[in-house]
Amino acid sequence: MKDFKYSALNSCGANSCSKSSTNGPNNCGSSGSSGSNGCGSSGSSSSGSNGCGSSGSSGSNGCGSSGGSSNGCGGSSTPSKQKDIAVPLELHACMGLNACKGHDRFGTNDCAGSGYCATQVHSCHTLNNCRGQGGCGLYGDTEEQCRPGANDCAWQGSCGTPIPAERFITQGENKGRSVWQLARKLFEDRMDKSRRTVQDAPFKYGPPIKWLRANGRGESCGSSGDKYCSFGLNNPEKSANEFCLESSKEIDNTLGNCGCDDDKKKKKTSKKKASKK
Amino acid sequence: MNGLLFQLPKTVTKSNLKQAMQQAIEIEIATIPVYLYTYYSIIRVPDQSGIEAQILTDMKATQKGKKNKKTDAQLQEAATQLALDIMVFANKAGALIMSVAVEEMLHMSLSSNIKNALKPPYGGIPELVGKTPKVWPAYLPGHIPGFPINRGKLNKEQLHAFLLIESPLPFTGGEEKGNAIEYTTIGQYYDMIIKCVSDDLKDSDFDGDAPQLVPGKGYYAQNNIDTVYYDKDHKAQFPNDEHSGGLIHVKGKKSAIHAMHEIIEQGEGASFEISIDGKKDKIVGDHLTPTGEVVCPLFPLGSGMTNPLDYDDHGAEHELSHFDKFLEVYCTIERKNHELNTFLNTKNFDFTKYFVRDLPTNPSTSNYPKAIQDVSNLTNAIYTYIFVMAEACYKTAGHKQYEIFMFGIHKSMIWLLDNLCGTMAKLSYTDSHGEKQAVAATLEDYDFAPSSSPKSQIIDLAGIAMASSSIVSQGLLDRIKDLPDVPLEAYLVENNKGIL
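From first to last, the protein sequence lines stand for chains A and B.
FYI, the numbering for the first sequence is 0 to 276, going by numbering that gives the first Met the number 0.
FYI, the numbering for the second sequence is 0 to 499, going by numbering that gives the first Met the number 0.
Since the hints were derived computationally from the structure, they do not count as laboratory data.
By construction, the Cβ of each residue, glycine as well, lies at the ideal position given by its N, Cα and C atoms.
One or more of the hints may lead you astray.
DSS-like cross-link-like pairs, simulated, lysine-lysine; straight-line CA separation at most 27 Å [what the hints assert, rightly or not]:
{"#": "1", "chain 1": "A", "residue 1": "174", "chain 2": "B", "residue 2": "63"}
{"#": "2", "chain 1": "A", "residue 1": "174", "chain 2": "B", "residue 2": "234"}
{"#": "3", "chain 1": "B", "residue 1": "231", "chain 2": "A", "residue 2": "237"}
{"#": "4", "chain 1": "B", "residue 1": "231", "chain 2": "A", "residue 2": "248"}
{"#": "5", "chain 1": "B", "residue 1": "231", "chain 2": "A", "residue 2": "174"}
{"#": "6", "chain 1": "A", "residue 1": "203", "chain 2": "B", "residue 2": "234"}
Anything over 10 Å on all C-beta distances counts as not near chain B; from chain A, calculated [claimed, not checked]:
{"#": "7", "residue": "106"}
{"#": "8", "residue": "174"}
{"#": "9", "residue": "184"}
{"#": "10", "residue": "194"}
{"#": "11", "residue": "226"}
{"#": "12", "residue": "232"}
{"#": "13", "residue": "233"}
{"#": "14", "residue": "247"}
{"#": "15", "residue": "249"}
Can you build the whole structure from these sequences, using the hints too?
Right under this line is the structure:
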């Protein structure tokens, strides 16, 4: 999927979904059996729009009034020529978070983790219909924002889906860092526990806002405006790249702040206790 | 009796503690519609190129007929810079006001926690429904002196009222209003309660098992995307700090006092003590005169050049108090307008017009045309229902409380109410004189009928609004139908009955 290159500057960059990095197609069955939620395969979309609170004070969720051509926001990207799958096989929160072959938005991905985009769309905190659909970032407390795409239940998700590469955590020690990269890491851990091979995501750091816009998926959310934006001084692409790279360097620390290390330590401790007995 | 018909209580004692806690709750509630109304007057993300062009046109108009007028190049440079400044400041002003509004909701919850934890006769279920001021301008219950508070757009007059609300210093002037326990600052009011709790109560006067909004359940987050703004390089800034505190489970004297200190410090600031000639004294800022006039500090607040007499100089990471946040917005407007008027050789150039909607002051639903009334009624019903649900949270704990809060209050606040308030602020109508009038959400308490559930009435109101206006979408109605069904009277919330 080389068509979806972000830009010449992009380092939230497109992976080419190299076949050499896979073990071949995954065969999960066709009924969402490996899906992370228990919603079945229909009724995924709860809202046509994807603007959480976007009709609030800012009017639009862009920088400027109409896509921001004057300030560098919202420039066009190459839209996909593929059509959305009629009935998604799995309901998941974003690009690269699909559990199986054919489980992405278009139903054409080769393997786990390589899918294009979310198979369900909702726009805000508490509006997700199922388990694992919370986009996180932007709204929610520290604990919720530590679990993007990993909420336990309907309506417990923090913020909307899909999760743009530029979306950041707003609460806790991880504030200002990438939501998608945390979601991807949690997804990889979940797949690892299930002894599954995961392929690279189409974009290493998640779907860029420009790509989502070009493919009919607006980004969430809130009234503070677009993260991918410029006031005329900064280069939004450079800013986005820096954000992705910085978040990538900090991902272990991000996981640690979310207590993932604690969980591992607890398990080790409980194992030790068990072995003593 | 000493000849007076009645005498206002001057302090908080065991005998009026229950009333004092309810008054504290109502002080917090009174601020919420005021701050929210002003928030929705701000266009947080203006069209940069559009305002730059308008600024240039307006600046050129000010130079007509002047002897030493600015060149076009100078004006272009100034317009570009001002547009950039507005992009940052408009978003920041919105974020700061929202960050305060979020903490006012926290303070309402903390005071409610204390009241519900206090055993009879000292406490009881907090009364939250129908407590929004009914007459505008409103007055803080018990504040001496009284001063008028309006629901108005962002400007210096409105920010001045905000500063008086959050003032750490007493001031004179104004008028006396209300029949409540008197105080001169909100901090002084809580200090009276703290003294009563500290001196006169025992831990056994508290019931820590009474339902409260407690930490660890996801009810409260210091920051969200609406409290975030970007600096000129578009780097995200977070006005609230996790270390400033959140919800507190009140179990006894210590936690109750802790909760009240948190309210004071977030509102007025952590005025700290210094020792001068062996005498400890409180450091307080110099930003309000004894008569309540604002004095802007020499340097911008919140940067490395913080005024040594700020209320919150505990380190770079520390969160600004409500007072200092409002002072920063107020003084930025004052400085920037002074700078522009000096440059243009004008007197009344006001840059806020480029990002503040010209909303009416203290509007009433009944004054709007029918179609807008229908949307306004729906908006007010959802606003009021948030208080209905919040009050119910003090009747029930466990999963039911969680469902009410997360799927009711959160959904209503950040989705339904925000959606409707934001949309209404963009509406206008033509009055009988042919003049265009702006519209805003009035944030009045809706008077639910006792004959049916508030939720069913909200659904009916949504239907009416949909019939008369395209503003209310089917998607919005669907989300209203998702809300928990909470009865008007909190005591009717039964633990064994589903609400979703």
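> Which of the numbered hints are not met once you compare them with the structure shown?
Replying inline: 1, 8, 11, 12 and 13
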